[in-house]
Every structure is written in structure tokens, then in C-alpha cells.
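J.: Now for the letters of each chain:
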Amino acid sequence: MIQQKLRSPFAVRNFIRRLFDRSFLANGYKAAASLGVSKLAPTRDERLFLVLSIFIGVISGLLVVSFNIAIEWIKILTLGSAPHAGQYRLIFVPALGGIVAAVLVYFFPGSRGSGVNQTKAALYVYNGYISFRTVIGKFIISSIAIGTGHSLGPEDPSLQIGAGVASIIARKFGMSRQRLRVFAPIGAAAGLAAAFNAPISAILFVIEEVIGQWSAAVLGSIVLAAISSVVVERRFLGAAPIFSIPTVTFRNTRELFAYAVLGIFGGLFAVVFSRALGYLRMRLRALPRWTQFAQPATAGLLVGLIGYFGFYQVMGRGYGSIDQAMHGEFAWKFLLALAVLKLVATTLSYSSGTPGGMFAPTLFIGAMLGAGVGSFEKIFFPHLTGTVGSYALVGMGVLFAGFLRVPLTSVFMVLEVGGNYGIIVPVILANTIAYLIARSLQPVPIFEMFARQDGLELPSLEEQREETPLHIEDALEPLSVPIVQGREAISAASAAVAATRAHALLVQIHDGTWYAMTADELTGAAAALAPETPIEQALKPDRLPTLFPDLPLDNALPFFPRWPVIPIVNRASRGTLEGIVTLNAILKRYQSE
Amino acid sequence: MAVFELRTPLSPEERAEKRKLILRDAVALATILVVTIVLAVLTYLLFTSFTHHREVLAQRWKANGERAMRLRKPANAVQALRSALDYAPERRDIEIELAMALAADNRPLEATAYFNSLLETQPGNGLIHLQLARLAARDNKPAEAEEHYQRALDGTWEGDGYVRRREVRLELSRYLISQKDYPRAQAELRTAAGNAPKDPGLQLHIAGLMEQAQDPADALAIYRDQARLRSAPLEAFEGAGRTAYALGHITVAREALLRAIRHRGFSDQPDSEQNPIRQMFANSNRILDLYPDPDLTVRTRAGRIQYNAKTARARLTTCLANPNAAVKLAPLQTQWQQLPRLTIGALERNPQLEQTTMALVYSTEKQTAQDCGVPTGDDAILLKLAQAPQAVQD
Chain A
629 MIQQKLRSPF AVRNFIRRLF DRSFLANGYK AAASLGVSKL APTRDERLFL VLSIFIGVIS
689 GLLVVSFNIA IEWIKILTLG SAPHAGQYRL IFVPALGGIV AAVLVYFFPG SRGSGVNQTK
749 AALYVYNGYI SFRTVIGKFI ISSIAIGTGH SLGPEDPSLQ IGAGVASIIA RKFGMSRQRL
809 RVFAPIGAAA GLAAAFNAPI SAILFVIEEV IGQWSAAVLG SIVLAAISSV VVERRFLGAA
869 PIFSIPTVTF RNTRELFAYA VLGIFGGLFA VVFSRALGYL RMRLRALPRW TQFAQPATAG
929 LLVGLIGYFG FYQVMGRGYG SIDQAMHGEF AWKFLLALAV LKLVATTLSY SSGTPGGMFA
989 PTLFIGAMLG AGVGSFEKIF FPHLTGTVGS YALVGMGVLF AGFLRVPLTS VFMVLEVGGN
1049 YGIIVPVILA NTIAYLIARS LQPVPIFEMF ARQDGLELPS LEEQREETPL HIEDALEPLS
1109 VPIVQGREAI SAASAAVAAT RAHALLVQIH DGTWYAMTAD ELTGAAAALA PETPIEQALK
1169 PDRLPTLFPD LPLDNALPFF PRWPVIPIVN RASRGTLEGI VTLNAILKRY QSE
Chain B
4 MAVFELRTPL SPEERAEKRK LILRDAVALA TILVVTIVLA VLTYLLFTSF THHREVLAQR
64 WKANGERAMR LRKPANAVQA LRSALDYAPE RRDIEIELAM ALAADNRPLE ATAYFNSLLE
124 TQPGNGLIHL QLARLAARDN KPAEAEEHYQ RALDGTWEGD GYVRRREVRL ELSRYLISQK
184 DYPRAQAELR TAAGNAPKDP GLQLHIAGLM EQAQDPADAL AIYRDQARLR SAPLEAFEGA
244 GRTAYALGHI TVAREALLRA IRHRGFSDQP DSEQNPIRQM FANSNRILDL YPDPDLTVRT
304 RAGRIQYNAK TARARLTTCL ANPNAAVKLA PLQTQWQQLP RLTIGALERN PQLEQTTMAL
364 VYSTEKQTAQ DCGVPTGDDA ILLKLAQAPQ AVQD
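Keeping their order, the protein sequence lines are chains A and B. So the number in the working numbering is just where the residue sits in the first sequence, counting from 1, plus 628. So the number in the working numbering is just where the residue sits in the second sequence, counting from 1, plus 3.
Isolated chain A (complex conformation) (with noise of 0.2 Å):
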């Protein structure tokens, strides 16, 4: 029967898609769901949160654990204990991983591309969905492509994984739609943290690139889970960094014109990276879609025949190679061939859809360059630089601030894997520098640009960088209606409005707070109520919100059905009036944007 229904590709492929999409738990919550799980337990969902959050973080790190493991073992197996140049597997090895990473891309079309967008996409897109199918084929896909020499990284994959668990666990406990996208960036830190074993970096990266926005509804519970699963990643590798570092110093600050220069390239080696991957990756796209099964293994036979022919370094992660850069073992020349070589490698591979991260080929390039600009700063300067691994970790942090567009995330990034604070000022000083050069010459943020190209939108933290939100203050108007005190009589309040032909008073009560009374509510109150009635007799029960200059201006219009003007109060007396908004006001401001 199941040899029937496989008969073809497509078959196979319905079958894994209904494998993998039975749930192993029945659909019993839907009962629940239809009654209102927020009635039958409205506390259900903020206790489960933090438990899952939890369990979330260790079953993420054991499956990164398996992760990293597995690539290592694809390695040793396919390219041998210690490949070198000259080695003929080079060629042919990472070309068959690229064949089969291929066909079984077909099998699992979701996990294509690198991860992050795939997982902005399930926040933002579809309801924090990622399926079992897709995780597992992250997993097995993009162990074969790193694990056979691909130029690709781990860590975003990891990202992927570590969301993808989140979604399955939150759909499995009937989570509601809004808890169930605020799952997803959970899973994904808690992946990336056990990948890089750096969890304060992991938890600003998925703030800075994967939710958009500094939200802190779900803070806590990524700190949880990004620390849950890196001391599961702790208790099986061990708990020094990802890289040995050397003795990193800062020991004169004239090294900052060094390092200065060095963010200019790390800027400039960003746009060209960029620029490569946009263009390759969209030209690629554009062709037959047969094309699409020999693309991966295209660039596996590039990227072999670079490692071929002595620059066997840019295959695979390439963490030995870093770690030998920041030792100095390499040659200024070498490294920055490394580099250019590695960008080539990186770009090949990634644009060609060959499922793998970004993340370990931006730190070896940036590695490299920075090494390269030590090495040859320390030759032809020997009194300007500090040690190589420095700038090796700094250059790091440089392409990661200049490519990934994630400047906090990288200044965070080195001082964590470095363990050292001591270099804080030359990274902040390179990061912005290359920041800066990055983002002024290339606009689009690089997952933006493959969202783009994929034909989705999806918010960052850069494009809100670009916004200038609007305050209240900006629409603030000076006070044109009259302001009476609670206790006068309608009649006096009457007058005040005759006198201004005002449509609304302001009515300050005793107790502190304001009432917005339009014209018609007090001919009203004066009509059925005697003459010398304080006015505070004829208020609704409800009162004005308080509002400050400071505050988004979004949040004043709830409030504008119900009040004519709103007024603004100063935070330092609340009792003295900075002014009014109306809603004309506000809508004019917006339009004037």
C-alpha cells in the first residue's frame, strides 16, 4: 500500500507532509477552545507560559547539541578527520552534499534559506506556525550541507530549530493565536544561544532581527529559555566560548585610528557582501525552476574547488580557522584572501538555496579581516597595534554590525565571546563606523532584502530606527476652552462658555481629576438642573484619561469618541496643564507627516 502511494516524488512528499503533520497529542484542546479556554481558565495560559518557556530551552539545546554533533560527524565521514588542499574529496564532496541537500529541499520545502526570515515570517505571517517537518528538515539538510563543506554556519539553522520546537509545543497546548506567535522568538533565542553559547547575544539578536521591537511581554521568558538551553548546550560541550580566545588588549588608544580603520573595511567588506548575496541570490531564483536541484550542487563543486586549491579553510564553519586567526597563524596576505575567498564561498552557497546559516561565515570573514588589518598594522606599525586576536574579535563584531544590521547584538556579541570588557571602546568606536559606512550605502538590511525577494514585508528594529515617532506634544494645542472648578454652579460655567464660545469646558473636579463637558452636554445639565447645582453634579461617572507630553501620540486617539478635548497634564504637577489635544489636531499632525 505505502509502496503504492509512492510511486512518485510528489507522493512521497504528500505522505512525509501527513507524517509530519499528525500530532502526536490529540486535538483535544479544541473542545476547550470553543468554550473559551480563557474562561474556563483565565490564568492558564500566563502559568503554562513560563513552564514551556523552560522546557522549551532544553529541548532546544539538546536538539542544537545534536545538531552540532551531527555536522561534525558528516564531516569527519565525508571530508575526512583533517582535510587539507589537494585532497580530491574536496571537489566532489560538497557537490553530493549540494545533490542531496537538493532533492530532499523538495521533500521539505521550509527549511530553504538561512532560518531568521523563515522565523520572522511564522511571527509576523503565519501565526508563529513552524511545522515538525520543517524542523527536522532544517536539522537533517543543513547537517549535510555544513557537515559536507558547505559555506554556511550553524547558528541561524539553530535559531530556526530552536523556534520551530517553541511552535510544536505551543500548538500542542492549545495556545492562543496571540501566545502562540510571542512562542517562536522564544524557541529561536534559546537556539541561537545554544549554538553561539553566548545567550545575552542570542536574546538581543532575536530582539533586534526577529521581533522588530523591544517588547517586554516576552523578555523574561526568552531570558528563560535562551538560559535553559544554553546550560544544557554547557553540560555536553563545555562552557568556554564557541572560539579560543587569545589575549585580547587594549593598551593605547592611539590603536583607535587602527581600529577605525579597520570599521571602514569591515563597512565596506559588509556592502560588497551584501550586494554579492542580493544579486546572485535573485539572479539564481529567476531561473528554471529544474535548475533549482543542481544550483546546491553547483556551488558545492565552487566551494570545493576553492578548498581544492589550498583555501580549504572557507569550507564549513570554518571555527578552527578563526580560532588560528586569532593566534596569529596566518599570514596578512592570507587572511585577507581568506576573506574575499570566504565572501565568494558564502555567497555561492547561500544564494544557490543551500539551507545553512549566515551567522559563521559573517564571523569568519570578519575575523579574517580583522586579523588581516592587525597582522599588517603590526608589520607596518609595530608601535600602533595590540595583539592580533584582538582585531580578530573586533573585525568579528564589525561584519556582524555592518552585515547582519545589528549593532547592539554585536558590540554585546564580542564582549561576551571575548570575555573581556577591556575592548569595549575600540568595538563600539569599529562597530559604528562600520555600521554607519553599511547602512549608508546600502540601505536595505540584508534579511530584509531576501524578504523582499522572497515577497514578504516584515518589520525590523532598522526600519524604526528610520521612523520618528510622533508625541503627544506634537500636536499639543495651547488651552482655547475655559477650565472651571468643580464645585462652581452650571450657571457660572454657562457664562464662561457664553463667554469664549467655547464647544467644551474643562471641568477640574476635587479630587485631582478632569472632566471634558461639551457645550451641548451643559445646556443640557443647565436645563434640567437648577441654575446654582455645583457642575460636578452633572458629570457622567466616567473621567479624562491622564496623558503626558511624552507619551506616543497613538495613544490619545482611543479616548476621542467620548471626549471632545483631552487635556495634558505635566508629570513633575499634575495639576498644571501643559494643553489640550483634539483630534483635528492629531490628524493634522499625522498628515503634515
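Simulated from the structure, these hints should not be mistaken for lab results. Bear in mind the structure is a predicted one, so any value in this text is a computation, not a measurement. Cβ coordinates follow ideal geometry from the N, Cα and C atoms, glycine included. One or more hints might be untrue.
[Unchecked claim] If the Cβ cut is set under 7 Å, some of the chain B residues that face chain A in the computed set are:
1) Thr39
2) Phe53
3) Tyr117
[Claimed, not checked] Capping the alpha-carbon separation at 30 Å, the derived lysine-lysine pairs in BS3-like fashion look like this:
4) Lys144(B) x Lys961(A)
5) Lys183(B) x Lys201(B)
6) Lys800(A) x Lys23(B)
7) Lys76(B) x Lys144(B)
8) Lys183(B) x Lys144(B)
9) Lys331(B) x Lys313(B)
10) Lys369(B) x Lys331(B)
11) Lys21(B) x Lys800(A)
12) Lys369(B) x Lys313(B)
13) Lys76(B) x Lys961(A)
14) Lys369(B) x Lys183(B)
Please build the complex by placing chain B on the supplied structure of chain A, with the hints as guidance.
T.: Relative to the frame of chain A, chain B by itself:
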């Protein structure tokens, strides 16, 4: 009361559904716990197997690297040890071996950077300091080299630290000798000799270094100790003869050199090593033939003094032919002219004349050696005698 009024009471159906929901959550949590445990066990098994595999690979590549180092192929060793480190990144011993291979492969910058980073994690490691000392020595940075040598002496060592420290001290001594810092080299060698066991090979090695450090007296003491052994090695006699001769202890030198020449291993040595010893022995004999030993009979001693005076005067006369030297040697000539006629009888009768004459002989040989070039024949013998006339019979 108001608080309770906020919540709508659940219907019986809803209550049943809530119980089911709690049950389902409990089952789901239990399931996820089981899944986590199963996954943890699988990961552990995978990790254990992988770790073992890595250890095997690390050991294999480490052995390859060490073999390459033994075969003096440092480039191959670097590659092999790097591979070993890929599979055992925490192994400090492999890191040190890699750094040593880098140094051997004439890549001092890389090796120094590597050792410095290793030093960060093991600041008191003697082996790392020793390697850094060697690199600094190779880079002609004596202050840095000596500092690292000293820290290597004070540092920690795996295995027999006592032996390793002694080796470091001897290496430091060799380095100081190469830097011509003889006083410090002598001090280090004295310490090494004081702590060294009575191993003849080691003792002779130290004595040899003492000779190089221009400390023949201490070297002679060691050589003589070794020469007293029952089956004393040839090197002990040769060394004792050489150092005694250098110190002017000609009687001791002659005896040691004679024993060296009579040693059964002596004839097995190449001529280039035999000849200096034979020459030194011949010189010693001749010195003793010319030396006016106070124990000799008065006539014999007077005869030797008369002969030595004749030899020195002849040398002076030859030198005076050189106009440049003549001016400097004029005072000597005057002194010679002021001496009475040196007959055997006059010398026998006048012990003061004996001493004055021999003092003038020694002055003449020393002065002419400076102004007229290196003497030969008996003049050379007398010059040697002039350097330490009192030590001949010590």
C-alpha cells in the same frame, strides 16, 4: 462580594470541560517531560559516542604530530597537531606541542602568540616559559629571554620537575655564555653543579660548560673528582689536564694529560682531538723542564735560570730590531744591561739574583708578546710559565 460578582459562575458543562482541560494539560506536560528525557538520553548517547570518536582521532593526530617532530618535519607536525586540537580543543599539552612545532617550523610570531595565549590560562607553566624564552632568544631579545628562563625555573613542571629545572638551568647557562655574560653563567652553573647527582656524564657536561663560561677552577674541581673514579672516563682526564694547564697548574696538568694519553679510549679519537692534548702534554713537560723549581739542586736551578735568561734576551734582541717596539722595550733592555754577568756561580751564590733574573725573564716574554707577536718555541713556554709561575706545582 464585589470580587466574586466579577466572575461569571461556570455551568456544569464548563466545569467538566475545565477538569478535562487541566487533565489534558497535565498529560501534555508529562508527555513533554518524557519527550525531553528521551531526547536527553539520545543526545547523551550520541555525545558519548562522538566524544570517544574525537578522543581517538585526537590521539591519532597527536601521535602523528609527535612522530613528525621526531623526524624533524615540523610543517607536518603543525598540520597533524592542529588536527589533533580540532578534536581535543581543551588539551593544553597538544597546544603546547603545536606551539613548539610552530617554533620549530620557523614561525616565531605565531608560536609566540600561541604561547602567550597559553600563558594566560597557565601563568606558572614552566614549559611554556621555557618555550617563550627560546623564542625570545631566537629573536635576540636577551632581557625577555632571561626573564622567561627565570620564570621557567620557578614555574611548575609536569613529571620530574627537579630534572626539568636542572635542564632549564643548563640551557640558561648556555644562553648566558652565548651572550658572554660569564659571571651569571658561572653562578648558574655552580648552582646546577651543587644540585646535580653524581652522574659522571652530567658532571662532565657541567664542567665543560664551566670551561666555556671561563671558570676553569670550578671545572677542574669537577674533572678531578671524576678522574678519581675507578673507571674514570677519558673526558675527565682530558678536561682536568686542559683546565689545570689553563690555570697554570702544570704539574697537575702533566699528570692528567699523561693519564689521558695512556687511556685506552684516547687512540680511538680522531687526530684533531688527540693532537691538542699531545701538544699540551709536551708543553707541560717542557715547562717543567724550564721551571726553576725550588726543590731542585742549586746548580740545576742556576742552569735553568741561565738558559731562560739567554732565551729571553735573544727574544728581546730580535724584537729590538723592530723600530716600533724598540722604544717600548728600551726600559727592559736597560734592566738587562744593569744585571751582573749571569754565570752559574753567580746565580748559585746569589738567590736574590735568581729571583730578579726570572722576574726579568717573565717581564720580557710578556712585553715582547705584546709588541712583537706570538712567541714560539721556548719563548712560548716561558710566556706560559710567566702567566702563573707560582701555580706550577699547585
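J.: Could you run down the list of hints and mark each one as holding or not?
T.: Evaluated hints:
1. Thr39: Holds. Min distance 6 Å.
2. Phe53: holds, 5 Å
3. Tyr117: holds, 5 Å
4. Lys144(B) x Lys961(A): At roughly 27 Å apart (the allowed maximum being 30 Å), Lys961(A) and Lys144(B) satisfy the hint.
5. Lys183(B) x Lys201(B): The given pair, whose Cα atoms are some 28 Å apart, holds under the 30 Å limit.
6. Lys800(A) x Lys23(B): The given pair, whose Cα atoms are some 15 Å apart, holds under the 30 Å limit.
7. Lys76(B) x Lys144(B): holds, 26 Å
8. Lys183(B) x Lys144(B): Holds. Lys183(B) to Lys144(B) sits at ~14 Å (cutoff 30 Å).
9. Lys331(B) x Lys313(B): Answer holds: Lys331(B) to Lys313(B) is near 20 Å, not above 30 Å.
10. Lys369(B) x Lys331(B): Measuring from Cα to Cα gives roughly 12 Å; hence the hint holds.
11. Lys21(B) x Lys800(A): The given pair, whose Cα atoms are some 17 Å apart, holds under the 30 Å limit.
12. Lys369(B) x Lys313(B): holds, 16 Å
13. Lys76(B) x Lys961(A): Roughly 25 Å between the alpha carbons, so the hint for Lys76(B) and Lys961(A) holds.
14. Lys369(B) x Lys183(B): holds, 26 Å
Checked against the numbered hints given earlier, this structure breaks none of them.
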